[in-house]
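Enquirer: Residue numbers (our numbering), protein chains in the order written: chain S, 1 to 126; chain X, 1001 to 1100; chain P, 2001 to 2140.
Just so you know, these hints were derived from the structure itself, not from any lab. Since the structure is predicted, the reported quantities are computational estimates derived from the model, not experimental observations. Hints should not be assumed to be uniformly reliable.
[What the hints assert, rightly or not] Pairs of lysine-lysine, BS3-like flavour, derived with a Cα cap of 27 angstroms:
1. Lys2057(P) <-> Lys1002(X)
2. Lys1003(X) <-> Lys35(S)
3. Lys2057(P) <-> Lys1097(X)
4. Lys58(S) <-> Lys1002(X)
5. Lys1087(X) <-> Lys103(S)
6. Lys36(S) <-> Lys1097(X)
7. Lys118(S) <-> Lys1002(X)
8. Lys118(S) <-> Lys58(S)
9. Lys1002(X) <-> Lys35(S)
10. Lys35(S) <-> Lys1087(X)
11. Lys118(S) <-> Lys103(S)
12. Lys1092(X) <-> Lys2056(P)
13. Lys1045(X) <-> Lys58(S)
14. Lys36(S) <-> Lys103(S)
15. Lys2057(P) <-> Lys1093(X)
16. Lys36(S) <-> Lys118(S)
17. Lys36(S) <-> Lys1045(X)
18. Lys58(S) <-> Lys103(S)
19. Lys2056(P) <-> Lys1093(X)
20. Lys1045(X) <-> Lys118(S)
21. Lys2011(P) <-> Lys1087(X)
22. Lys1087(X) <-> Lys1097(X)
23. Lys36(S) <-> Lys1002(X)
24. Lys103(S) <-> Lys1097(X)
25. Lys1045(X) <-> Lys103(S)
26. Lys103(S) <-> Lys2056(P)
27. Lys2057(P) <-> Lys1092(X)
28. Lys1097(X) <-> Lys2056(P)
29. Lys2011(P) <-> Lys2057(P)
30. Lys2011(P) <-> Lys2056(P)
Residues per chain, in single letters:
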Amino acid sequence: MEIITGIVDNINYIGALTLFVIGLYTVLTHANLLKKVIGINIMETSIFLFFVSIGYVKLAESPVIDTNRVDQVFVNPLPSALILTGIVVALSVTVYSLSLIIKIYEEYGTIDLDEIMKMRGNLSDG
Amino acid sequence: MKKAFFIMTLVFLWGLMVASIIQMPTSGDINNPSYNITTHYYINKTIRDTNAPNIISAIINDYRAFDTLGEATVLFISIIAVSSVMKNTYLKKREEKGDH
Amino acid sequence: MDDLIVRTVTKWIVPFIQVYGIFIILHGHISPGGGFSGGAVLGSSIILITLSLGYKKASGIISHSTSALLESGSIIWYVLIGIVGIISGNNFLTNRGAGFYMGEVGDVISSGMIPLITVAIGIKVASTVITLFHTIIEED
């Protein structure tokens, strides 16, 4: 019973963890480099969700002050402000890896990691 | 075979993380350790310090403006990195066009 | 993408997207939003033009050199606002102590340097998104 209430109360955290595991599965099992980038993006999103739901408060409002009222309860504004940095870094990393994938495609003619490894293996064995 | 091994490992990892998540302070409670003195300072003193009703905007543009300058630098560096990686592609394309 | 419906809808909807982005940037300190989200909306409008009307049309609206200029200019503007704090004898990026116009709570022109910095970040993010997208596709 305790476990069930724990799961229901922390459903945001568990959703974030599930997204993280889905992203990790995508990165591990797909040989296509673009799909690996998509998996990394899913993992980043799960971390953002986890961080923002730490600051969540039940029945609270978004942190915009109304000066006519005094009884406002706000959610924690600090995680939401800090996660903006994470979003910017995620964008930069995604764009950089996409440009590297374009270069890899020019060099090898494929973005499938298994085939690239096969080509490189032939080179190093001989 | 390989896939089944991955799935089993990841399910085990998920269970491990859920078991540790349940021990955390409950989500949505105002008495969480994350709702600490820093948060109370931002909520109570934002109007006095900056005259801006949006607390998040006050944090990222006033209290932590130096951090935001770093973010702008990250964007700048990402443009430099992408341009330097893609530069050879343009040169090659342009040469091919000039030849034909 | 050469499709009549996509082209027509793009032509109709782009001005509204841009007005919405500018609204988010200018009201960043009194309502939810801010420089990052507004800049992303502005940049997406140009990306929509590139995708549906072609690279030529988009670079006619904002060329590569213009967006590079906007990028560098906005970050220099940001640093200059910070240096105002040093000149007035305070720390880098001081708001109230540096003598910016604080105004009334809830006005658009108020709260010192926050709208100035929000506008700088909005221009920076919009031009960065546009430049990155055009650098990656570059079909000319």
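Enquirer: All hints are to be evaluated individually against the structure, with a verdict given for each.
Expert: Hints and how they fare:
no. : hint                      : in the structure
1   : Lys2057(P) <-> Lys1002(X) : violated, 49 angstroms
2   : Lys1003(X) <-> Lys35(S)   : holds, 16 angstroms
3   : Lys2057(P) <-> Lys1097(X) : holds, 22 angstroms
4   : Lys58(S) <-> Lys1002(X)   : violated, 43 angstroms
5   : Lys1087(X) <-> Lys103(S)  : holds, 10 angstroms
6   : Lys36(S) <-> Lys1097(X)   : violated, 34 angstroms
7   : Lys118(S) <-> Lys1002(X)  : holds, 19 angstroms
8   : Lys118(S) <-> Lys58(S)    : violated, 54 angstroms
9   : Lys1002(X) <-> Lys35(S)   : holds, 18 angstroms
10  : Lys35(S) <-> Lys1087(X)   : holds, 25 angstroms
11  : Lys118(S) <-> Lys103(S)   : holds, 18 angstroms
12  : Lys1092(X) <-> Lys2056(P) : holds, 21 angstroms
13  : Lys1045(X) <-> Lys58(S)   : holds, 23 angstroms
14  : Lys36(S) <-> Lys103(S)    : holds, 16 angstroms
15  : Lys2057(P) <-> Lys1093(X) : holds, 21 angstroms
16  : Lys36(S) <-> Lys118(S)    : holds, 19 angstroms
17  : Lys36(S) <-> Lys1045(X)   : violated, 44 angstroms
18  : Lys58(S) <-> Lys103(S)    : violated, 48 angstroms
19  : Lys2056(P) <-> Lys1093(X) : holds, 17 angstroms
20  : Lys1045(X) <-> Lys118(S)  : violated, 61 angstroms
21  : Lys2011(P) <-> Lys1087(X) : violated, 32 angstroms
22  : Lys1087(X) <-> Lys1097(X) : holds, 16 angstroms
23  : Lys36(S) <-> Lys1002(X)   : holds, 17 angstroms
24  : Lys103(S) <-> Lys1097(X)  : holds, 19 angstroms
25  : Lys1045(X) <-> Lys103(S)  : violated, 51 angstroms
26  : Lys103(S) <-> Lys2056(P)  : holds, 24 angstroms
27  : Lys2057(P) <-> Lys1092(X) : holds, 24 angstroms
28  : Lys1097(X) <-> Lys2056(P) : holds, 18 angstroms
29  : Lys2011(P) <-> Lys2057(P) : holds, 12 angstroms
30  : Lys2011(P) <-> Lys2056(P) : holds, 15 angstroms
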